[in-house]
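Asker: Please model the entire structure based on the sequences and the hints provided.
One rule links them: number in our numbering = place in the sequence shown (from 1) + 896.
To be clear, the hints were calculated from the coordinates, so they are not data collected in a lab.
Hints are not guaranteed to be accurate.
Claimed, not checked - PhoX-like mimics (lysine-lysine), calculated; alpha carbons at most 25 Å apart, straight line:
#	residue 1	residue 2
1	1212	1224
2	1065	1078
3	1217	1065
4	1144	1133
To be verified - What follows is a set of in silico ranges between Cβ atoms, one per label pair, in the way DEER data are often shown:
#	residue 1	residue 2	range
5	1010	1064	19 to 29 Å
6	916	1276	18 to 28 Å
7	1189	1063	50 to 60 Å
8	1138	1188	43 to 53 Å
9	1230	927	47 to 57 Å
10	1094	1138	50 to 60 Å
11	1220	935	54 to 64 Å
Ideal placement from N, C-alpha and C gives every residue a C-beta, glycine not left out.
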Amino acid sequence: MESERNILDHIYVLVRWRRMILTCFFAVTLVTAGISLILPKAYRAYASVYPPQDTGSGLGGLSNLLQELPLNLMGLGGEVISATEFVPVVESESVRLSVAERFDLARLYGASHQSELLDMISNRLQVDLSREQFLTISYEADTPELAAELTNAFVEELENALERRNQDKTRAYLAYLTERLKEAEQDMLKAERRYRDFQNEHMVLDVETQGKTQLEISATLIGSLAELIVKRDYQSKLMTADNPELKKLDMEIQTTREVLDNLLMGQFPDSLRSSDSGGQLPEIFKPFRQLPELGLTAVAFIRDVEIQNAIYQFIKQEYEKTRFEDEKGTHTVTVLDYARPPDARSYPRRSLMVAVAGGLSLILSCLFAFVFEALRNLTPENRAKLDAISEEL
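Answerer: Okay, here's the thing in structure tokens:
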């Protein structure tokens, strides 16, 4: 019952002060509506951009050539540009000053110094990045046409700034590649010279082919030796030990075995030696004991030559690609939607202003109504206290 009486008391207060509440409400809403009509209009234009798609490094089959190398040379590859990088560029001081200079915004806004001008531009500029990496650039101006022009100007300055940055990076990278290309060419020539000196020193053209040839010669001699041994064993059963034919076979077997042993050791047989050769075979014939070591050494030299050639080819192709990109320029920004003059104003928002002002006026009017009602119904004791407070103040 007490709660019901309190609610009725509240309703009674609101009804009693209804004229004041309604007067304040209509007065505030009318004044706010009037103010919204005289406020300067502003228009906001929007443009959408996104980074270009990555087309890859264009190295083609060269990556297959280098895929077994234990390092990623210079960390090269297709660089993917993120729209996150666009935000600080658009909001940078250089971009804002470039746009201000193009449209003489210092005079238009009446800015007395540069920092004030930059703050005014920042208050009107808005940059939003979506989850899908689409960047929305918007700018607020006094007319729809100026808003669109200024927004498109920020898009153009963004592209120019990114292009200048990429050109600086590309030219610095090109200078590095030029030096690295010279070093790679020298390293490649040194590796080739080392392999050539090894071939000249050891008379090694192709260890695998030379070894195969010597094995074939040795196999032929071994076959002839086996044939002679079999023939001698057969003849020994038919002839006596002092038979000339049998002695001839023994001499042939001994000579063939001597030739085979000496070939394996890299020397002529004693019967074929001459003073000029010193008993040594031609240098192109290698003892079998030396072939494994020579083979490993040759493989190391060949591998070094191939690696240096691969590095040189890689750097050469990267150099040509970078130089081509520097000459043709790079596409840094893809514009999805250019800004167009907006049809509706962005400021002032009259409906919102009137609704907020009306709501606040109702709340404050009701509050004042309860305050005034409380002051009217003060007891003599409370009124005396209030008067005392007033006197102290």
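Asker: Each hint should be assessed against the structure and marked as holding or not.
Answerer: Now for the hints, and whether the structure bears them out:
1. The straight-line distance between the Cα atoms of residue 1212 and residue 1224 is roughly 18 Å, inside the 25 Å bound, and the hint therefore holds.
2. A hinted pair counts as satisfied when its Cα atoms are at most 25 Å apart, and residue 1065 with residue 1078 qualifies at roughly 20 Å.
3. This hinted pair checks out: residue 1217 and residue 1065 have alpha carbons roughly 14 Å apart, not beyond 25 Å.
4. Of the supplied pair hints, the one linking residue 1144 and residue 1133 holds, its CA atoms being roughly 15 Å apart against a limit of 25 Å.
5. In this structure the supplied range 19 to 29 Å holds for residue 1010 paired with residue 1064, their Cβ-Cβ distance being about 25 Å.
6. The supplied range of 18 to 28 Å is met by residue 916 and residue 1276, whose beta-carbon atoms lie about 26 Å from each other.
7. Remark: the range hint 50 to 60 Å for residue 1189 to residue 1063 is upheld by a beta-carbon distance near 54 Å.
8. Under the hint 43 to 53 Å, the C-beta atoms of residue 1138 and residue 1188, about 46 Å apart, fit the expected range.
9. Restraint check, residue 1230 to residue 927: a C-beta distance of roughly 48 Å satisfies the suggested window 47 to 57 Å.
10. Checked against the given bound of 50 to 60 Å, the beta carbons of residue 1094 and residue 1138, roughly 55 Å apart, stay inside it.
11. A hinted range of 54 to 64 Å holds for the C-beta pair residue 1220 and residue 935, which are about 55 Å apart.
In summary, the structure agrees with every hint in the numbered list given earlier.
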